[in-house]
Amino acid sequence: MKIAVLVKEVPDAAVEKRIDGSGRLDRSGEKNLNPYDTHAIEAAVQLKEGGTIPVEEIVAITAGPAGAERALHKAVSLGADRSVLLSDDAVAGSDVIATGYALAKLLERESPDLVLLGQQSDDGENYTIGAVVGEFLGYPSLTQVVKMDIAGETITAERQAEYGYDTVEIDLPAVISVGDAINEPRYPSLKAIMGAKKKPLEKVTIADAGIEADKVGAAGSRIDCGNFTEPPKKSGGTIIEDEDTSATVEQIVAWLDERKLI
Amino acid sequence: MAGILVYALTNEGAINKNSLGAVSQAAKLAGELGTEAHAVVVGNVDDAAAGSLGEYGAAKVFRAKDAPEGVSTPAVDVLAKLFADNDYDYAIFGGGLLGFEIGAGLAARIGAGITAEVTGVKVEGGKLVAQRPILGDSLISESNYKGKGVLIGRTNAFEATKSGSAASVEDITVELSEQAGKVRLVKRGEQRGADINIEDANVLVAGGRGLGAAEGFQLAEDLAAAFGGGAAVGATRAVVDAGWFPYAGQIGQTGKTVAPKLYVAAGISGAIQHKVGMQGSENIIAINKDANAPIFEFSDLGIVGDVQKVMPALTEAVKAKKGS
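Respectively, the protein sequence lines represent chains A and B.
Under my numbering, think of the first position of the first sequence as 41, with each following residue one higher.
Under my numbering, think of the first position of the second sequence as 769, with each following residue one higher.
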């Protein structure tokens, strides 16, 4: 079978994220592959290595600026066989629905049996893209999956929902977003990092993918975001740097005592 | 009619607290818009439970008895049908994993704008404007909908308030999509590990990844024991999923919501999913070696240090103080 992994380039965790003058996330600083996506790639690689079902190919797919090639190289170094980049100015500023539509069109070109992605992006914090992509493709979808077993055309998945752990069967082709508890992604070998740039990376435009221009970008989006404000600051708590632990705990106990908590 | 439709999540016939909050929020907004809030339940929910949504402000309740609950696609089919029949402008969800999935699927199907993690909603020019925190809660962004809108609340963002009386329940039959048959719930709400009570604790010592291993929870157990009766131990989702602590002790979005007098967060970074389950605590102490951990932004007393050093010392100091 063929597995497609949707990935995203996000500002590095160490970079302070901010909104630029046009009301979008400032993406000028250091960037990295969305940490949640590394779990999706690892899940794909484990299915391939597991041998329960033959996996012919793992394709990493993203929509983003030209620089997003680096995220795809990283995805390939972690185990994808090749990658596809939708890089078109028309897509910039897309909301969740417009992005999901564009990704679904990219996936239609590949017709994968399984689409994997991370449960959320580090920068958007949405959890919703997997269900949107599934809806556009007409595939069933599940999010926040922490365990997958495959047998024939069906995956038995486990995830934590509101009332405890749920076990769900889902027929392929399907879209599954994985939680970070599903596995511990391996570090790429030096050889894999060096070899990543040599693996095929296909750059496509919206015309190549049959994406209608008026359904993507700011104009194709169904929401306008703006009027950014700072939330009311909570009166800052006291911070103690623990240098002398006995002095630290003395301060904690005094603090507790003052509030009659002890 | 244009109005607001609320999806009410149920389990074993009981309605989820966050869904009740979403109904109350929708009823208030519908009042300002001069329209009505309706609610829908999917699955086998009895008249009393379904009708009780009226007490929280739903003018009408729909019930799709035959559609399976616990997975998203059948519910998307049900809500899409109601949107087609009644021409609602907005759908509001109380949040939770299914709320995210159903809301996203519905928005894609009917071409609505979607906002997740909503913490506030206001009416401007006869339309809803959703507010949500972004970038690690450092900013609030406002969503303006060009057409229809789907709003998914953050856990515990909407308060359930009784404002009316039981509503009439209308049964509906919806032809399910082909996709709906491709996802089947095998088991729901499985509890794993010991049953523990954290909701009634006065003092809660919660542990995260920073405790290092399952054995690290002994540090939390020892500190709770030092505080004595009324103290209990809880955990983050990450360590529950890792098998370090039983599910019944999980605090946060998919776990329990707690508000003890004292909350001690040991080795917890303070991700949003955790924060929503404990931010109502009266006093929060955080111990974490990472000075940049988000937990310090909403703790009353923050200790930047090693839990392995601070926790045992604190346990001894609490014991000594209690003994004096």
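The set of hints was computed from the structure by calculation and includes no laboratory data.
A couple of the hints might just be wrong.
[What the hints assert, rightly or not] With a straight-line Cα cutoff of 25 Å, these simulated BS3-like cross-link-like pairs (lysine-lysine) come out:
#1 A:K300 to B:K1087
#2 B:K828 to B:K849
#3 B:K916 to B:K890
#4 B:K1029 to B:K955
#5 A:K57 to B:K1057
#6 B:K1090 to B:K1029
#7 B:K1087 to A:K255
#8 A:K42 to A:K273
#9 A:K187 to B:K916
#10 A:K273 to B:K890
#11 A:K71 to A:K88
#12 B:K833 to A:K255
#13 A:K255 to B:K1057
#14 B:K849 to A:K300
#15 A:K71 to A:K238
#16 A:K273 to B:K1029
#17 A:K255 to B:K914
#18 B:K930 to B:K796
Pair hint outcome, K1029 of chain B versus K955 of chain B [Cα-Cα no greater than 25 Å]: violated, 36 Å
Straight-line alpha-carbon gap K273 of chain A to K890 of chain B, limit 25 Å: The hint holds at about 21 Å.
Pair hint outcome, K187 of chain A versus K916 of chain B [Cα-Cα no greater than 25 Å]: violated, 35 Å
Holds or violated: K1090 of chain B to K1029 of chain B, with C-alpha atoms at most 25 Å apart: holds, 17 Å
Hint consistency between K71 of chain A and K88 of chain A [alpha-carbon to alpha-carbon, up to 25 Å]: violated, 28 Å
K57 of chain A paired with K1057 of chain B [C-alpha distance capped at 25 Å]: holds, 22 Å
Proposed proximity, K300 of chain A with K849 of chain B (alpha carbon, max 25 Å): Given that 25 Å is the threshold and the Cα spacing comes to 56 Å, the pair is violated.
25 Å Cα cutoff - pair K930 of chain B, K796 of chain B: holds, 11 Å
K42 of chain A paired with K273 of chain A [C-alpha distance capped at 25 Å]: violated, 48 Å
25 Å Cα cutoff - pair K916 of chain B, K890 of chain B: Holds: K916 of chain B and K890 of chain B sit about 15 Å apart, inside 25 Å.
K300 of chain A paired with K1087 of chain B [C-alpha distance capped at 25 Å]: holds, 15 Å
Proposed proximity, K1029 of chain B with K273 of chain A (alpha carbon, max 25 Å): holds, 22 Å
Hints 4, 7, 8, 9, 11, 12, 13, 14, counting from the list given before, are not met by this structure.
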